[in-house]
Structure formats: structure tokens, C-alpha cells
Amino acid sequence: MSAVLAAPRDYSSLRNLLWWLPRAVILGALAFVIFGPLFNMLVWTVAERWYFPHTLPIDYGFSYWGRVFAPRGNALQSLVASISIALFTVAGSLALAIPAGYALARLKLPLRGLVLLAFLLPQAFPNLPVYVNIARLFYEIGLNGTVLGVVLVHVTHGLVYAVWIASAAFSAVDRDLELAARNLGASGLKAFADVTLPLAAPGLMASAIFVFLESLDEFTGSYFVGAPDVTTLPLLLYSAGAGGNYQIASITALLLLVPSIAFMLVVEKFLRADVLAKVGQ
Amino acid sequence: MNKLLLNSTVALAILASPAAAAELTVITAGDQNMVDYINDYLAPLFEQQNPGNTVRAVGTGPGDAGSQKILERFDAQAKADAATWDTDVAIVHEKFAGPMVQAGYLEAYRDKIATGKLVTRANADNALGTDVKGYVMPMFNSQTAVAYNPALVPNPPKSYAEIAEWAKAHPGQFGYNGIKGGASGVSFVMGWVYAFSGSDAQKLMYGPFDKAEEAKWDDAFAGLKEFTKSATLTPGNAGTLDLLSRGEIALGPVWVDMFYSWQADGRLPPELKLVLPAPGMPGQPMHYVIPAKAPNKDLAEKFVELATSPKVQAEGIVKKFNWYPGIDADEVKAELDDATWNKLFVDITPADLAEKGKPFPLAPYNTAILEAYEAKVAN
Amino acid sequence: MARFLGPLLVSPALIIILLLFMLPLAASVIGAFEVEGAYGLGNFTKAYDFYTQDIVFTAVIVGLSALLTGLLAIAIGGYLTLGENPTAVAILRWLYRWPMFIPFIVVGQILRTFLAKSGLLNSTLIALGLIDPLSATSYLDWRGVVIAFVWKQTPFVALMVAGAMASLDRGTIEAARNLGASRLRILVEIIVPQVTTTLLVGLVLSFVTMMGVLSVPLMINAQAPTMITADIAFRLSTYRDYGVANALGLISLAISGVAAWFYLRVNMRQSR
Numbered sequence: 001m002s003a004v005l006a007a008p009r010d011y012s013s014l015r016n017l018l019w020w021l022p023r024a025v026i027l028g029a030l031a032f033v034i035f036g037p038l039f040n041m042l043v044w045t046v047a048e049r050w051y052f053p054h055t056l057p058i059d060y061g062f063s064y065w066g067r068v069f070a071p072r073g074n075a076l077q078s079l080v081a082s083i084s085i086a087l088f089t090v091a092g093s094l095a096l097a098i099p100a101g102y103a104l105a106r107l108k109l110p111l112r113g114l115v116l117l118a119f120l121l122p123q124a125f126p127n128l129p130v131y132v133n134i135a136r137l138f139y140e141i142g143l144n145g146t147v148l149g150v151v152l153v154h155v156t157h158g159l160v161y162a163v164w165i166a167s168a169a170f171s172a173v174d175r176d177l178e179l180a181a182r183n184l185g186a187s188g189l190k191a192f193a194d195v196t197l198p199l200a201a202p203g204l205m206a207s208a209i210f211v212f213l214e215s216l217d218e219f220t221g222s223y224f225v226g227a228p229d230v231t232t233l234p235l236l237l238y239s240a241g242a243g244g245n246y247q248i249a250s251i252t253a254l255l256l257l258v259p260s261i262a263f264m265l266v267v268e269k270f271l272r273a274d275v276l277a278k279v280g281q
Numbered sequence: 001m002n003k004l005l006l007n008s009t010v011a012l013a014i015l016a017s018p019a020a021a022a023e024l025t026v027i028t029a030g031d032q033n034m035v036d037y038i039n040d041y042l043a044p045l046f047e048q049q050n051p052g053n054t055v056r057a058v059g060t061g062p063g064d065a066g067s068q069k070i071l072e073r074f075d076a077q078a079k080a081d082a083a084t085w086d087t088d089v090a091i092v093h094e095k096f097a098g099p100m101v102q103a104g105y106l107e108a109y110r111d112k113i114a115t116g117k118l119v120t121r122a123n124a125d126n127a128l129g130t131d132v133k134g135y136v137m138p139m140f141n142s143q144t145a146v147a148y149n150p151a152l153v154p155n156p157p158k159s160y161a162e163i164a165e166w167a168k169a170h171p172g173q174f175g176y177n178g179i180k181g182g183a184s185g186v187s188f189v190m191g192w193v194y195a196f197s198g199s200d201a202q203k204l205m206y207g208p209f210d211k212a213e214e215a216k217w218d219d220a221f222a223g224l225k226e227f228t229k230s231a232t233l234t235p236g237n238a239g240t241l242d243l244l245s246r247g248e249i250a251l252g253p254v255w256v257d258m259f260y261s262w263q264a265d266g267r268l269p270p271e272l273k274l275v276l277p278a279p280g281m282p283g284q285p286m287h288y289v290i291p292a293k294a295p296n297k298d299l300a301e302k303f304v305e306l307a308t309s310p311k312v313q314a315e316g317i318v319k320k321f322n323w324y325p326g327i328d329a330d331e332v333k334a335e336l337d338d339a340t341w342n343k344l345f346v347d348i349t350p351a352d353l354a355e356k357g358k359p360f361p362l363a364p365y366n367t368a369i370l371e372a373y374e375a376k377v378a379n
Numbered sequence: 001m002a003r004f005l006g007p008l009l010v011s012p013a014l015i016i017i018l019l020l021f022m023l024p025l026a027a028s029v030i031g032a033f034e035v036e037g038a039y040g041l042g043n044f045t046k047a048y049d050f051y052t053q054d055i056v057f058t059a060v061i062v063g064l065s066a067l068l069t070g071l072l073a074i075a076i077g078g079y080l081t082l083g084e085n086p087t088a089v090a091i092l093r094w095l096y097r098w099p100m101f102i103p104f105i106v107v108g109q110i111l112r113t114f115l116a117k118s119g120l121l122n123s124t125l126i127a128l129g130l131i132d133p134l135s136a137t138s139y140l141d142w143r144g145v146v147i148a149f150v151w152k153q154t155p156f157v158a159l160m161v162a163g164a165m166a167s168l169d170r171g172t173i174e175a176a177r178n179l180g181a182s183r184l185r186i187l188v189e190i191i192v193p194q195v196t197t198t199l200l201v202g203l204v205l206s207f208v209t210m211m212g213v214l215s216v217p218l219m220i221n222a223q224a225p226t227m228i229t230a231d232i233a234f235r236l237s238t239y240r241d242y243g244v245a246n247a248l249g250l251i252s253l254a255i256s257g258v259a260a261w262f263y264l265r266v267n268m269r270q271s272r
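Residue numbers (our numbering), protein chains in the order written: chain W, 1 to 281; chain L, 1 to 379; chain R, 1 to 272.
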């Protein structure tokens, strides 16, 4: 009996080995496509001189790093500004999205689809003309050039992720647990705070990731509302990139990746499949 | 007695005020090298001469978009009726000086500073058809030209007609950045219109504006459309230089100063050269302006005065950043040794510049040409 | 009380959207119909005359990107769900998420160097002998934009789709597998139909996001034809022409509206 089973096992392990051929090719190609551009960026950060017909840089060195981190280079200051704005944006969005998400997931709401859609709108209209108008509004109420102003703009832009994912997170929570808590005599608010919120927390963290990334990425609004008082990294990156200074742009891009990747490593375990499956529904 | 005391306190306060620490906000359009110029050179010098004060430089991005953003900020602050604005000194493209003066946003300061009388070029009095005399100080003058790789093109075309012919024979080898990615492409298009349209180039450059001229451009744009088919379109001023440095194109219009700076930085092969094709290509100044509601107006004037002094123009503008000076050339030349001065004129001689360095067309022609390009070449 | 609780809880977030987006947007919409002090359609006819090609280009590019994103997301999600080799599944799971965490502006910058004629992509292909040096071309045109969009958006959609796939009932899949159905057939006939809602939501979100991105077209391809966002930027910065810029914004919104309509339809069907 056992001998009969053993033969197919050998056969299957051979088959498995052969299957690694296409697997390795496809996964290798995927890895190249994903990490190739990042690697190219890394090469640029240490390239001192690089021109035709050289496939690789002629000299390597860190002189451009010195320029980026020069006291006047603004890089570190912008990095701190970018990160703090992103964190404030996350806090603000979550504060708005938790009640809204709960209502969308659990409560009776007229025109629910339209409400969800309303949050999508700031993503859907090209921002440039709108930010020109917002800047005017902010000048009148003294919000222009303040961190709060930039945060508000980023919150508006990021709410779609916050609200949609928060709503998915709440609807993924088992309703019976909530009812059980209520039956045991907990008030509605207590049941929410003790049962629903902790259970939805991983999903809410997931929404935080996307809001954080949106905020780090945002450029147009930051410029119109923030500069010159608030300078963020994308602003530096854009002007270096557009000026063709690939070394400075690549170093700035690398800097911008640091908070993104760090944030990802911290919260990635919260990206739960069952929650994400319900986003926007 | 009391009054005397009060008076002397006031006097003291006034005396002391320039020394009070102020942060001067300098906002500049243009490529990264503009921000670098202030951060690496001008700001440290200014801070050294005016202890306690600091300079903060903010770049708003290349091309017209950068200047537009500055104008946008001024518009917003004017509309909001802000008592003081957030900018002390702005550096803008020639094209935006006119609208800013017309809107009444600027301070007329040229006569108040010592270097005001060193300005001799007409483009500081009149910016593309608008009288801006007194409101602007030119930071530098720049020029576009065609860069080429002698290894690939031993005998470069010397005129627009020859360029057209050459590009046809070498498809994909001529690159320019259209009109949406910075002014070197725009400049090439303007030069094309000067060369091939039925309009008199003098009229396009110096006026008067006449809408009927537009009808005379059809052939030029038909030719440009044909030409663009055999050209490579590059992403931006820097994109053209980048493709030249990677050998992907052999010929393309660039800003002369960027070209030299890139070469000095090791980002362009040292062999590349420049040619200014006949009948000529445009160049333009960048202007220092001071908003009428600048928070530190006195300090701002001092800053511009320093920036336009012969020494700074020689050391910073010519020697370090390879621009043509904004103030009178003779004043600047006196501050430099011949070798440094001549470095500016290796490929393009002063005679070339005098003959083939043109201004951009008047603002209304400028707009009409760009729109015609969009409608007839790009669409 | 309970009837009002829902709207009450949603209202703070909605008010933010209303004040900081709808209101400025309204000014833009009005601006789109303003032609030299009077109201009319002049800005739209001008947008049509000048930018038809770019409008079509934008719709096609973004549509194509969404389509490719969807296909790749299904492939990745499918392999994560049906893959039989735990090691390969684990590698893929670790690998595919990375681009999601890279901001668009960085994507534009890194792909600009990667896809250039002498970028790392071509030099690798040449080194592997897959193409010869003379036929290497730059991908920095419409292809570059599509590659950038797909590169950045696929992980997000794949993550959502894989999530939906993972929460499906394994029973049907196992049953079909036991009956000898191929994995591809199970994916296409059993799994994908059950995750269409999630897939569509992900694609709508991606579509709308891609319509609004300015940094990628500016960095990779700001030439003719280009995307509507780049035209808006150009219209504002070169001509100070808010009218046509706003009109282009509305046209872009209308294209997004098609995606939003899909979304609403799916959403309505769901809640019934």
C-alpha cells in the first residue's frame, strides 16, 4: 500500500521541480519589472557622471547626497513636514471616517450609493482648477501657507480611501457579537467602543495606509495651499525631476520612499483580505 | 524731556530695525538651477553682508508654469485683500512681468537702487509689448541654440532650412520638447515662425499687433507638422539635454546656460557643441520683481541690489552659472579675467548673438503662435 | 432617533467634502461656461477644437490601463488562491505589493529612467540577447504612461480581488477540482464571476485616480497627444485661461462619470 503511494509522490516531486522552471521565469520577470525601476533609481543616486555611450555611470560617489542634505537643501525639513502632514491627515481622516464608515455599514441611510460616490468626487475632477479656487478661499480665512490648510486639502482628497475602507471594515465585523454585547446590557456606545471598534481596527489601519500614501504623494494642493511656507518632498522632487537633475530627484524619491515603506512594514499585517474585498460596497 | 526720550527711542528703533532678524522669502520660477543659484551662492553672500537676516528660497518649477504659479499666488492674495503678502522677491519669466505690472502688483524700485542705472538692454524696459520700466531688474539674459553631437553630426546645419532638411534625412535624430515641456521647445517653434512664415519677423518681435498676421502662418505650421513627424519629442528642456547625453538624439534646441552647466557637471559629454541657426532663435531675461506689499521691502531692495551688482553678476551669473549678464555687459566684463568671460562665447560668438539672438514675439503674437501650434501641429 | 443617526454620523465627512471640494468645484463649473463675461459654450468648442485628440487619447489610455490592471489583478489573485506550490505563492504574495507603496510622483521619476532608450530595461533586454541594440526604442510615449499606471495600480486591485477570492467558499472550488476541471477554467468560470463586484470597485477607483494624475504624464509624456491633466496645466500656465481649463476638467469629470455610473449600478444591485 505504502509502496503504491510512494511512486506517485516521487513523480509529483519531479513534476513539481519541472514546474519551477516556468515559475522561476515568471516570478523572476515580475521581480525585475518591480525592482528594476527601483534599482535604476538607486544607481542614479550614486552616479556622479553618466552619459552616452556608457551603459553604467562613469564615476560613483555621494557628492549629490551632500547637495541634497546641505543645510539649505530643505530636504530634511521637507521630509519632516511631509511625514507630519501625512500623520495629521491620517488622524483627521480617521476621525471623520469612523462615524461615517459605521453609518454607511450599519445604519439606514438614504441615497447610500450617492453618499459613497460623493467621497470619490475629489479624486475624479482634475485638481488643478479646484485648488486655485481653494487657495483663494484659504487666503481669505488665513489658512493659506499653514500646515492645517495643507492637511485639510489632503483629508478631502484621502477621504475616499478612509471612508470606503472604514465602511468595509465595519461591515466585516460580525453583527452577532455586537448584539451579544447589547444583550449583556452594554449601551450602544459601549458596545461600539468595546466590541465593534477593536474588531474593525485592522481594517481602519488599512485605510490609514492608503490615506498616508495619498498625502505623501499629493503635489498640486500642497503647492497652491502650502508653498512657500510649507514645503513638502514631492515639491522638491518635482522641481528636481523637471529640471533633469536625476541624481537629486532620485535621492529625493528615495527619501520619499522611506516613510512609505516604513509605514507599510508597520501596518501591512492589517491589510486583511476579507475587509478589502468589501471596499466601496 | 519725555518727548525727547520718546523721540530718541523711536529713532533708535528705526535705526535698529534693519538689524532685526527678518526672513526674506525669495520665490523663483525656472529649473532647479535657479534655486541652486540662490541657495548655493546668493543667499549665503547676502546673509554674510546682512547679519541676522536669513533668506529662504522656494522654487515653483520650470517654464511658464513656474511663473504662472507665482502670479497665481499674487492673484489669490490680491483677491483676499491681504495687507502684506508672503513674498519679498520673486524671479519670473519675461512673459509674466507685463501682466504683473498691469495688475498693479509690483513696486517700482529700479530707480531706488544703485544698480538700476547699470541696466542697458531694452528688454528691461519693455517686456513683450508691455512697458515695465522701473518695475523689473533683469537677473540674467539667456539664449537658446541648437546643441549637436559632433561625433554623429560633423557638419551641423547652420540654418532652419538646413535643419529641416537634415531632420528629414535623419528621422528621429532631431529632438525637441514641443511647446508643453519648457521654453527651449517654444523657442525653437518661434524661430521656425520667424524663419518660414509670411509675417515680417520684425513685426512679430516689435509690433504693432495685428490679428491679420495669423493668416500668414499656415505654410510654416504645415511644414512644422511634417517636420515634427520625423523628429523625436522629448520630455522638457532637461529631457532634450538628457536624450542628447544618452545619444538618443543627435541634435536639439537647448538653453545655452543649461547646456554649459550640464557639461560642467559631467552630465553631458564634453564633446557636444552649440550652433545658433540663421535667421535666429529667441532668448529671454529672467526678472527680479518686488511685490508692492512685500513684508520686507527695504531688505528686498537690498537683495536685488546685491544680485545685480557687477561683482555678483560676474562671479555668480557668468562664472558660476554660465548665464549672460542682466546688467550692462561692459560693467561685468571689467570684473572678470578674459578666459572666464570668453568661456561664454566658445561656440556662439558675440557677433552671432548680435545677429541671431532674437527676442520672443510680442505677448499676443506669442499666444496666437502657441495656439496655432496646438491646433495645427499637435492636434 | 435611529433614523437620523446615520445621516448625522456621515455629515461631518460630507461637510468637509462640500466645503473644500464641492464649493470650489462649483466655481470651476461656472467658470467653464463663462466666456468673456457672458455665459456660453465657447470654452467647450475650443476644448473640442484643440484637444479632441487628447481627450480620446486620455480615455483610451486610462481605459486600456484599467483593463490591463484588471487582467493582471485576476491573474495574481487567481494564482494566490489556486496556486499549489506554497513557496511560489509566498514569493508572489511578498512581491506583488511593492509598487502600491510607491507614490505616483516617484513612479513617474523612476520609470522615466527605467524605460528610456538607454534605460535599465533596454540594457537588460540587450544583455539577455532578447533584442539587438539597434532596435532598442524608448518607451516614453503612450506606452510609458500605460506601463506606469498598470505598474502602480495593479497591486491595489490585486489586493482587493485576492481578498474577495480568499473569502469565497472553498467547497465549490475543491469540488470542481476533483471533477478534473483545469485551474484556468475554475478561475474563469467559478471564481471571477463571484468577485466581479470587488473587481469593478477596484477598477473604478483606479480609473478615477488615473484620470486625475498629473505627475506621470508630465514626467513621462507631456507631448502630443498627451493627457487631459497636462493640457489643463498648460492652459493655465501658458495662457492663464481658466475657462478652457475648467471645461477640460468637466470633460474629464464626464469620462470619470461613466466609471461612476458603472459603480452606482453595481452598488444598487448589491444593496437590493
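If you are wondering where the hints come from, they were derived from the structure by calculation, not from laboratory data. No residue lacks a Cβ here, since even glycine has one placed at the ideal position from N, Cα and C. Heads up, some of the hints might be wrong.
What the hints assert, rightly or not - Derived pair list, reagent style SDA-like, types lysine to any residue, alpha-carbon separation capped at 20 Å:
id: 1; chain 1: L; residue 1: Lys229; chain 2: R; residue 2: Ala27
id: 2; chain 1: L; residue 1: Lys376; chain 2: R; residue 2: Phe57
id: 3; chain 1: L; residue 1: Lys311; chain 2: L; residue 2: Trp341
To be verified - Partial chain W-side listing against chain L, Cβ under 8 Å, derived:
id: 4; residue: Trp65
id: 5; residue: Arg182
id: 6; residue: Lys190
id: 7; residue: Asp194
Taking the hints in turn, this is what the structure says about them:
1. L:Lys229 <-> R:Ala27: Violated. Lys229 of chain L to Ala27 of chain R sits at ~40 Å, over the 20 Å cutoff.
2. L:Lys376 <-> R:Phe57: 17 Å, holds
3. L:Lys311 <-> L:Trp341: 13 Å, holds
4. Trp65: 15 Å, violated
5. Arg182: Violated, about 51 Å.
6. Lys190: 47 Å, violated
7. Asp194: 48 Å, violated
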